[in-house]
Amino acid sequence: MTNGRLILKTENLGIEFGGLTAVKDFDIEMKANQIYGLIGPNGAGKTTIFNLLTKVYEPTHGSIYLNGKDITKESIVSVNQLGIARTFQNIRLFKDLTVLDNVKVGMHHSVRYNLLDSILKLPKYRNEEKAVREKAMSLLRLFDLEQFADVKASNLPYGKQRKLEIARALGTNPKLLLLDEPAAGMNPAETAELMETIKTVREKFSLAILLIEHDMKFVMGICERITVLNFGQVLATGTPDEIRNNPEVIAAYLGSDEE
Amino acid sequence: MAKLKTAFLGKNRNCHLCLGLVIIAYIVIEVLMYTGSLKSLFINLLVPVTSYIIVALALNLVVGISGELSLGHAGFMSIGAFTGVIVSNVMATMISNDILRLVISIIVGAIVAAFFGFLISIPVLKLQGDYLAIVTLAFGQIIKSLINNTFLGFDSNGFHFSFITNTVTLGTGGKMLINGPIGATATDRISTFTVGVILLIITILIIFHFINSKYGRSVMATRDDRIAAQSVGINVVKTKTIAFVLSAGIAGAAGVLYGLNFSTLVPARFDFNQSILILVYVVLGGLGNMFGTIISTFILVLLPELLRFLADYRMLIYAIVLIVIMIVTNNPTINQFIKKIFRRKKAEGELNND
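Chains as they are written, first to last, in the numbering used here: chain A, 1 to 259; chain B, 260 to 613.
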């Protein structure tokens, strides 16, 4: 499945807030098409790393490479245009827009018409709008959300909001997808379903996925490689089996009664 | 599921509602005018009412859709109005057709106002928070003071301009276009209600087409969650600028319509109170609710005139009416009651259809 090309690489990535070091010397090497897990206790700095990779925070140390290109100095907007899309731990949907419009917003770069086309409602606008609607609907179908297309996003149940966030992120046509606790708040059946969906997404869009998750069944079942964080630093990196049997990880995070 | 669906108002339905309302109101008013059953006081208010509705819609685009507070829309109206006066006067000898002259004035006024909108949005929209409100507030005051101190005349030799003190001397056939605090005088009153309504319809179409386009979606997405909007690749500054400039341009067009409806127009007409009044129309109509804005503006512009018989108590009653409307529209019990009636009617209608 995975080929040798590196999609994401960081070197000594770190950030300090005032005197507090939140993340230190974070190195990761992700291959294209890989599903990669980022785990660790609460406050270990997982979400901070996502915020660094997407430039919500400005790193104080180190550099980030996407497909071999240094993106450390890019802005939050251009990082997305270069191919990184993400979801948020505390769901950030456009709550007053409909489900369909949320996905359409994600696709807005692939919509090619200018302001004049839209104000005068020229044929180009109609055609492009029709095309984006169809594309957005097919994304919603993938997540079983098509019957909610005209519902306000904030009226969706929690689990469906998480799925919508993934659909919106996919709309930006990313090469690397960052999922921040995609299974949080889902029941076991929904989680199992989500695992399948994420695998399908990886195949269908041929992208790499980096995910943060606390559900160990989920992480161990889906990830090909895992990095464990503790106190802002990498504790261990390896395959699920290596991580499961790593005594340091068991002591810091998994606990001895795991499985 | 059905409950969820009704929570969302169809967008096109809203646009058609607005257009229908305007067209029906226009036909009714024209018929009433034709049969002579309208008082001249009311007829004189028709063009100002349309201008205010257009400005209020433009402001709702900024406040409701873009989520930024602007306290200077009277300033854009002012720019539009005085640009319109200048253009219409200069072209008076060249173009004899009043309608054509009005249309050209409106277009030029809109472009100039949009340009000023662009200028002030450059520094401001990059910041977050209430900065736009503060800067537009200052902008409105500055524009008022600038025009208050501008003396601009026009004769066969071209434009003559002086600032603060009036040193303009004009040749024969010359005319003062802006005479400092006295403003514009002896302007041809070329605005008509029909052109106003057409401009209003165009405004409604532009605003709804904008809202339903990728630009409108981006603006609303930015309003709902700035970080999330950026994370899906939206340039939030650019998007907000487009909405603001569009709004400023529309406000300028409305200003032209307003300015060319009066033979005299003082710069102090477009002061801070005016901006606040327009904001009141928008807030009472509902943020982002264009249909409500049209109705609330119509009522609130006419109300002070209708209350004239109360003499000294007029503004007191006006304020009380405002407060009552606000309480009533925000009262959950009353809202529930209205919804109940509405739903029952709908249910009955569905039964009848079977």
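To be clear, the hints were calculated from the coordinates, so they are not data collected in a lab.
Where a beta carbon is used, it is the ideal one built from N, C-alpha and C, also for glycine.
Honestly, I wouldn't trust all of these hints.
Claimed, not checked - A few chain B residues facing chain A, derived, Cβ under 7 Å:
#1 284
#2 468
#3 476
#4 487
#5 491
#6 594
#7 598
Said to hold, decoys possible - Negatives, chain B to chain A, calculated, CB over 12 Å:
#8 285
#9 370
#10 405
#11 433
#12 453
#13 473
#14 483
#15 484
#16 504
#17 565
#18 568
#19 574
#20 587
#21 596
Do the hints match the structure? See the list:
1. 284: Result: violated, 24 Å to nearest chain A Cβ.
2. 468: holds (5 Å)
3. 476: holds (5 Å)
4. 487: Constraint on residue 487/B satisfied, holds at 4 Å.
5. 491: holds (5 Å)
6. 594: violated (18 Å)
7. 598: violated (16 Å)
8. 285: holds (22 Å)
9. 370: The claim holds: residue 370/B sits with its nearest Cβ about 14 Å from chain A, beyond 12 Å.
10. 405: holds (30 Å)
11. 433: holds (40 Å)
12. 453: holds (22 Å)
13. 473: violated (5 Å)
14. 483: violated (4 Å)
15. 484: Since the minimum Cβ distance to chain A is about 5 Å, residue 484/B lies within 12 Å and the statement is violated.
16. 504: violated (10 Å)
17. 565: holds (35 Å)
18. 568: About 43 Å separates residue 568/B from the closest Cβ of chain A, which puts it past 12 Å; holds.
19. 574: Nearest chain A Cβ is 36 Å from residue 574/B, so the label holds.
20. 587: Fine: 24 Å to the nearest Cβ keeps residue 587/B off the interface.
21. 596: Per Cβ check, residue 596/B is outside 12 Å of chain A; nearest 23 Å; holds.
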